[in-house]
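Peer 1: Here are the chains, one letter per residue:
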Amino acid sequence: MIGFPILSLITFLPVLGMFLILFMKKEQPKSIKYLTLGITALQVVLAVILLANYNYASAGIYEEKSFKFIEKFRWINISGISWLGTVKVDYFLGIDGLSMPMVLLTALISFIAAISSWTIEKSVKGYFALFLLLDAGMMGVFVSLDFFLFYIFWELMLLPMYFLIGIWGGPRKEYAAIKFFIYTLFGSVFILLVMIGLYFSATELMADGSKVHTFSLLALMNPANYSADGILSALNPNNLRLIAYIALFAGFAIKIPMFPFHTWLPDAHVEAPTPISVILAGVLLKMGTYGILRVSYPIFPDITRELMWYIGLFGMINIVYGALVALAQKDFKKLIAYSSVSHMGYVLLGMASLTTVGINGAIFQMFNHGTITAMLFLIVGVVYDRAHTRGLNDFGGLASQMPVYTGFVTVAFFAAIGLPSMSGFVSEALVFIGAFGVSSIRVLTLISTLGILLGAGYMLWTLQRIFFGPLNEKWATLKDLDKREYAMFIPLTIIIIFLGVYPSGMLDIMNSSVNSLVNFVTSLAPIH
Amino acid sequence: MSESLLINICIVILFLPLLGFTTVVLLGKRIPKLYLFEVAILGIALLLSIIVAYVKLSFYNTKDIVAAFTWITMGNAPSPGAISIELGFKIDNITVLMLFVVNLISFLVHVFSIEYMRGDKLYTRYFAYLGIFTFSMLGIVLTHNLLMMYIFWELVGLSSYLLIGFWFEKKSASDAAKKAFIVNRIGDIGMFAGILILFTQYKTFTFDVIYQQIAAGNIPFGSNAWLTAAGILIFMGAVGKSAQFPLHVWLPDAMEGPTPVSALIHAATMVAAGVYLVVRIFVMLTADAMLVIAVIGAFTSLVAATIALTQNDIKKVLAYSTVSQLGYMVMSLGVGAYAFAFFHLITHAFFKACLFLGSGSVIHSMHHEQDIRNMGGLKKKMPVTYYTFLISTLAISGVPLFSGFLSKDGILAGTLAFGKLTGHWLIPIIGFTVAGLTAFYMFRLVILTFHGEPKDHHKYDHAHESPFVMAAPLVVLAALSIFIWYTPNPIGASDGWVLKNWIKTPTQVVPLETRYDFMKPSTEEAKAEVHGEVIHSVEYTETMHWAHYPAMFLSLAVAGLGILIAFMFYQWKKLNADKLAEKLKPLYNFSLNKWFLDELYDMTAIAGTLSFSSILAWFDNKIVDGIVNGSATVTRFVSRMSGWFDTFIVDGFVNFTAFFSGFVGLSFRRLQTGKVQTYIVFVIFAIIILLMFFKPF
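Those sequence lines, one after another, are chains Y and B.
The numbers in the working numbering rise by one with no breaks, and the one at position 525 of the first sequence is 711.
The numbers in the working numbering rise by one with no breaks, and the one at position 489 of the second sequence is 1269.
Careful, some of the hints might be misleading.
Subject to a maximum C-alpha distance of 30 Å in a straight line, what follows is the list of computed BS3-like cross-link-like pairs (lysine-lysine) [unchecked claim]:
| id | chain 1 | residue 1 | chain 2 | residue 2 |
| --- | --- | --- | --- | --- |
| 1 | Y | Lys274 | Y | Lys397 |
| 2 | B | Lys950 | Y | Lys516 |
| 3 | B | Lys1160 | B | Lys1280 |
| 4 | B | Lys1096 | B | Lys1200 |
| 5 | B | Lys983 | B | Lys843 |
| 6 | B | Lys809 | Y | Lys669 |
| 7 | Y | Lys516 | B | Lys951 |
| 8 | B | Lys843 | Y | Lys665 |
| 9 | B | Lys1161 | Y | Lys669 |
| 10 | Y | Lys258 | Y | Lys669 |
| 11 | Y | Lys660 | B | Lys901 |
| 12 | Y | Lys359 | B | Lys1402 |
| 13 | B | Lys1161 | B | Lys1354 |
| 14 | B | Lys951 | Y | Lys665 |
| 15 | B | Lys1096 | Y | Lys669 |
| 16 | Y | Lys211 | Y | Lys274 |
| 17 | Y | Lys665 | B | Lys1300 |
| 18 | B | Lys951 | B | Lys1161 |
| 19 | B | Lys843 | Y | Lys660 |
| 20 | Y | Lys516 | Y | Lys359 |
| 21 | B | Lys1300 | B | Lys843 |
Where chain B lies over chain Y, by a calculated footprint (3+ residues, C-beta under 8 Å) [unchecked claim]:
| id | region |
| --- | --- |
| 22 | 440 to 452 |
| 23 | 535 to 545 |
| 24 | 600 to 612 |
Hint data in this document are derived by calculation from the structure and do not stem from the laboratory.
All residues carry an ideal CB built from backbone N, CA and C; glycine is no exception.
Please take these sequences and the hints and turn them into a complete structure.
Peer 2: Here is the structure:
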C-alpha cells in the first residue's frame, strides 16, 4: 500500500511547476511556456503509468482495499477539544474506475490547453502560474477520497479560474469572472454544509477502538457508521437526508451545469481565453457529475433511488433545452457552450438509469465530451485568433480557404453529432440503452432522442454558415493550420476515433467500479 | 472454399474501400494520381465479390455463414443484467447478391467518374468520398445485427452528406446536404427507438437471436402492440433512407450532387438500404406493421409518380421515379411479396443506375444543361447513350423482355393477391396506376431529350457522344436490364434462378394471431410450398396463381397506354401538353410544386422549431439568467441598504456617541478658564450645594 506516492506526484507536480515559474524571470516567456508544457507532458506520462499499472478489476467505490495507488495518513489531528472530540482529517488519495478516466482526461486536456496557451502574451508569468495551480486543483478533486480534502481541491481551483477569466478574458471578463466565481461559491456553500452535517452524523472506528468523527467518503458510505441521533443519519426518524441530498446535488449541479443553473457557462466561455474554455468544458464540468457519482450516490443511496426520475427529467431538459437554445445562437462560442449543456444532459440521463450500462455510458460520455468539446473550443479559437470575430453569419466559404482546418472541424462536428465510429456515439448509445431499459424513465429517454436530431441541426447549420458557400473575400488571407495547431488537433482526433472503434479500451477500465456502484446504490440491504 | 475463408474475403471486401478512402484523403494532395488506386481497389472488390457470390450460391446455397465478435462486454453487470454487444457478419444469398450489385455499380460509377469529374478542383477527394460511401454501404449489407446496421446506416448518411455537398460553394448544394442528413435523422430516431425496444427485451442486437426469441413466444414487454411498434419504428429508418412519404423530400434535392453520385447513392444503392433493412426485419413484422408499410409504400409511389409527370429537370424526373420505385418495393414488402421486392431492388439498381449515368452523359455533353425543354434530337449525336437509356426506360416501364417487367409484374401480382385476400383493393389500384404513370413520364423524358428537333442549337452543336470510360458502364448496365440474366422465361420470373434458387421468402416468426390470415401456415399436410419454404397458406399460393395472368395483362395494358399517351403528346403532337396543363392549372401546379410539401415543412416544422428556439433563447437570456442577475442585483441592493444602515444607523450611533461626548466635552471646556478666581467661585458653590444636599447640620 505504501508505495511510491504517484498520486501526490501527479497532483502536486503542477504546484512545483508554479513555484518554479514564480522564481523565473518574466523576460523569459518562452522558458515559462516550455516549463508548463513539460510539466503537463510529464503529467500525461504519469497518467499513462497509472493506467498501465491499473488493475481493471479494482472496484473501489466503498471498499478501501480495492482502490489502487492509495495514500493515506492522518493530516489534521486535534485530539480532545471539549465537545468536538478528536478532530481528524485524512490525507486520503486513491483511484478506482470512476476516477481513472477523469485523471486521464485531466492530464490530456491540461496538456492540450498548455499547447493552446502558446498565444498568451499578456503577463505570461502570472498566467502560467495560475494555469498550473488550476491543473493541480482539478487533479486533486479526482483523486481525493476524503471529503475535506476533496472540498479543498474543489475550492482551490476556483481562485485561478477567477483570475484566468478575469484578467486574460474578453471584453466582459470581469462580469463573467465574478459570475462564475460567485455562482460556484454559492454552490460550494451547500456542499460545505452537507459535509459538516455528515461529519457530525457519522463516526469511524479507529484502530484503538475509539470512535472518531470522520470526513472519509468511504466511511460516510457505511450506514453502520452513523449514530442514531445524527441529523443526516438514516436511523434518525427526523433526519434531513432529503434536504441535504438536494442541497448537495444543487452544489454539484451548478458545476455541470444543470438547467436552470447553467447561465454562468455561456458567459464564462464567451469571455474566457481559448485554453481556459478548453479546460472549463473539458474538465471542470465533469467535476459536477463526478461529485454526484462519488459523493451523492453512495452516501445517499436511499434518496438517489427516490429521486432518480427527477435526475432523468433534468437530464432530458438539459439535452433538449440546451440543443434548442444552441440552435438560436449567433455567436460560435456561445453555440458550443450551449451544446455542452445539451451533451452534459446525456450524462445526467445515464446516471438516472442506475444501471451499469447507463452509468458506464455516462462516465464514458464525460470523457468523450471532454475530448470532443475541447476540440470544438480549439476550433473556435483558431478562427477567432485569425478573424477576431465569432459571429456565425460573418463567415462563409472557409472550406476552400482552410481545407485542413475544415477537415478537423468536420471530424469534431460529426463527433459532436454522435456519428458512429466516433467516441460520442458509443457513450450516447449506452446512455440511451441504459435509460430506456428502466421503465420509469423510458418516456424521458424517448423525448431525449430529439437531442440527436437537434444536435445535427445546429451543428450542420454552423458548418454550412462558416465553411460552405462562396468564400467571403474578407477572409481570403486567412491561413490554414500551423504545426502547433496540428499538435492540438491530431491527438484529440486519434482518441475520438480510437474510442469510437474500440470503446472497450475505456469501458473496461470503469466497468467493475460502475458495477460495484450500481450494486451498492440499488441494493436495499447494506453491503458492508 | 471453406466458410471461414468466405467470411474473410467478405471482410477484405468491406475494408478495401476504407483503405482507399484513408489513403486518398491523407495522401491525395501530394499524389493526385491516387484516384486510380481507389478505382483499382473497387475493381478488386468487385472481383472478390463475384467469387464470393459464385461460391456462396453454388456451394452454400441454403446455408447462412455467420461470424461475430464481442465489441463491448459488461459481462458482470448486475443491472439490468449482463450485457455483451456483438458485431458480426452474416453471409446469406441476399448478402452476396447485394455485395455484387453494390460493388459492380460502385465500380462502374468510379470508372464513369474518371471522365465525368475530370478538371474538378477536388477531383481526388471525390474518389475518396466514393470510397467511404462504398465501405459504409457494404457494412450495411454484411451486418448480422441491428447495431452495426445502425452504425453503417449513419456512416452512409455521412458519405451521402459529403457527396451531396461536394460542390459546397453552391448554397443549394450545402442546403441539400444538410437537409438530407437532418431528414434522415428523423427516420433514424425512430429506427433507434425500435432498436432500443428490441434490445431492452432481448439483450442482443443480433437478428437471428431476436427472431428465435420472438418465435419462441418472447414478445417485447409481453405485448403484441410493442412488437408492432418496434417493427414500425425500425421501418421509420427505411422511410428516411429510402425516401418514403413523408420524409422523401430530401432525395430530389440530393440531385445537387455530381450525377454519378446520384446514380450510385441516390438511385441504386444507398436509397435501397431502407428496403434492404425491411427485408432484414421482414420476419418480425406483424400484420399491422405490414399494412402500415404497404400503405406508406403505395402512397409514396403515387405521390412521386404524380410529381414526376411535370418535372422539367432531367435529374428531378429520375429522382422522383426513384422515389416512386422505392415505394413499389416497400409496398411489395408490406403485402408480403418479399422475393419480388428484393428482386425489384436488384433490377431497379441496374436500370436506374444506367438511367442516371445516361443523364450524366447527356448533361456532360450539353455543358451542364439539365432542363429537358432545352434538349431534343440527341439520339443522332449520342447513339450509345440513347440506346442504353432507351433499354433502361423500357425496363422501368415494365415492357416484356426486360428485367423491370419481371420484378414489377411480380409486385403487381402480389398486390392484386393481397387485395383479393384482405379486401384492401386500393393498394393494387394504386400499383397499376403508378405503372401507367411511370411508363408515361419515362417516355416523356426519352422523347423530349433524344427525339424530335434540338431546341438549343448552340448546345446541341457542341454535344457529342461520351468517351469510352463513360459509355462502357452504360452498356454494361443496359445489358443487365435484359431478362436473360435472371430467368430463361421472359414472362415467368419465378422460373428463373434468382427467384427459384436464390431468394427465398423466410418464415414469419411473429405470433400467429398477429399475422395476416394468409401468412399462417396451413395445419394440414397440404402446406403450401412457395419457393421451397413453408410460409403461406394454400389460399395464398392459389391466389398468387390466380393473380399471375390478370396482373400481367393489366400491367402490360397500363404500361402500353402510358407509352402511347407519351408518344401522342410529345412525339406525334396529337395532343397538346401545354393546353392540358393550362386547363388543369391547379392540378398542374400542385404536381409541378411537388404537392407544396417543402413549403409546408418550411412553414410548420422548420419555422416552428426555429421560432421556438428563439423564444427559448430569449427565455434563457432574460428569465433564467435574469433571475441570476436579478438576485445579484437584489443582493447588491440589500447590501447597499445594509451599508447605508451601517453607515448611518450603526456607525451613526457610534459617531453620535462620539459627537455627543465631544459636545459635552466642548461645553465643559468653557468651565476651564484657567483663572483661580473662577475655580474658587465654583468650589464655594459646590460646597454650598453639597451642604444643602446632605444637611449635616
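Peer 1: Now tell me if each hint is right for this structure.
Peer 2: Each hint, compared with the structure:
Simply put, lysine 274/Y and lysine 397/Y have alpha-carbon atoms about 11 Å apart, close enough for the 30 Å limit, and the pair holds. At roughly 22 Å between alpha-carbon atoms, lysine 950/B and lysine 516/Y fall within 30 Å of each other, so this suggested pair holds. Distance hint between lysine 1160/B and lysine 1280/B is unfulfilled; the C-alpha atoms sit about 41 Å from each other, more than 30 Å. This hinted pair does not check out: lysine 1096/B and lysine 1200/B have alpha carbons roughly 35 Å apart, beyond 30 Å.
Straight-line distance between C-alpha atoms of lysine 983/B and lysine 843/B comes to about 26 Å, which keeps the hinted pair within the 30 Å bound. Between lysine 809/B and lysine 669/Y, the direct Cα distance comes to roughly 18 Å. Compliance with the 30 Å bound is thereby established for this hinted pair. Distance hint between lysine 516/Y and lysine 951/B is fulfilled; the C-alpha atoms sit about 19 Å from each other, no more than 30 Å. At roughly 58 Å between alpha-carbon atoms, lysine 843/B and lysine 665/Y are farther apart than 30 Å, so this suggested pair is violated.
At roughly 54 Å between alpha-carbon atoms, lysine 1161/B and lysine 669/Y are farther apart than 30 Å, so this suggested pair is violated. For the suggested pair lysine 258/Y and lysine 669/Y, the alpha carbons sit about 43 Å apart, so the restraint of at most 30 Å is broken. Proximity of lysine 660/Y to lysine 901/B is assessed by CA-CA distance (about 22 Å); at most 30 Å being required, the pair is judged to hold. The hinted pair formed by lysine 359/Y and lysine 1402/B meets the criterion: a straight-line CA distance of about 20 Å does not exceed 30 Å.
The suggested pairing of lysine 1161/B with lysine 1354/B holds, with an alpha-carbon distance near 26 Å, which does not exceed 30 Å. At roughly 23 Å between alpha-carbon atoms, lysine 951/B and lysine 665/Y fall within 30 Å of each other, so this suggested pair holds. A threshold of 30 Å between alpha carbons decides the hint, and for lysine 1096/B with lysine 669/Y the separation of about 45 Å lies outside it, so the pair is violated. Among the hinted pairs, lysine 211/Y with lysine 274/Y is inconsistent with the structure: their alpha-carbon atoms are about 41 Å apart, more than 30 Å.
Using a Cα cut-off of 30 Å, the hinted pair lysine 665/Y and lysine 1300/B is violated, with the two alpha carbons roughly 68 Å apart. Using a Cα cut-off of 30 Å, the hinted pair lysine 951/B and lysine 1161/B is violated, with the two alpha carbons roughly 33 Å apart. At most 30 Å may separate the alpha-carbon atoms for a hinted pair to count; lysine 843/B and lysine 660/Y exceed this at roughly 63 Å. Note on lysine 516/Y and lysine 359/Y: the hinted pairing holds, with a Cα-Cα distance of about 19 Å set against a maximum of 30 Å.
Our distance criterion of 30 Å between C-alpha atoms is met by lysine 1300/B and lysine 843/B, whose separation comes to about 24 Å. With 5 residues bearing a CB less than 8 Å from a CB of chain B, the region 440 to 452 of chain Y meets the requirement of three and the coverage assertion stands. Three residues within the 8 Å Cβ limit are the bar, and the region 535 to 545 of chain Y against chain B gives 4, so the coverage statement holds. Only residues whose beta carbon comes within less than 8 Å of a beta carbon in chain B count, and the region 600 to 612 of chain Y has 6; three or more means the coverage holds.
The structure fails hints 3, 4, 8, 9, 10, 15, 16, 17, 18, 19 (numbered hints given earlier, in ascending order).
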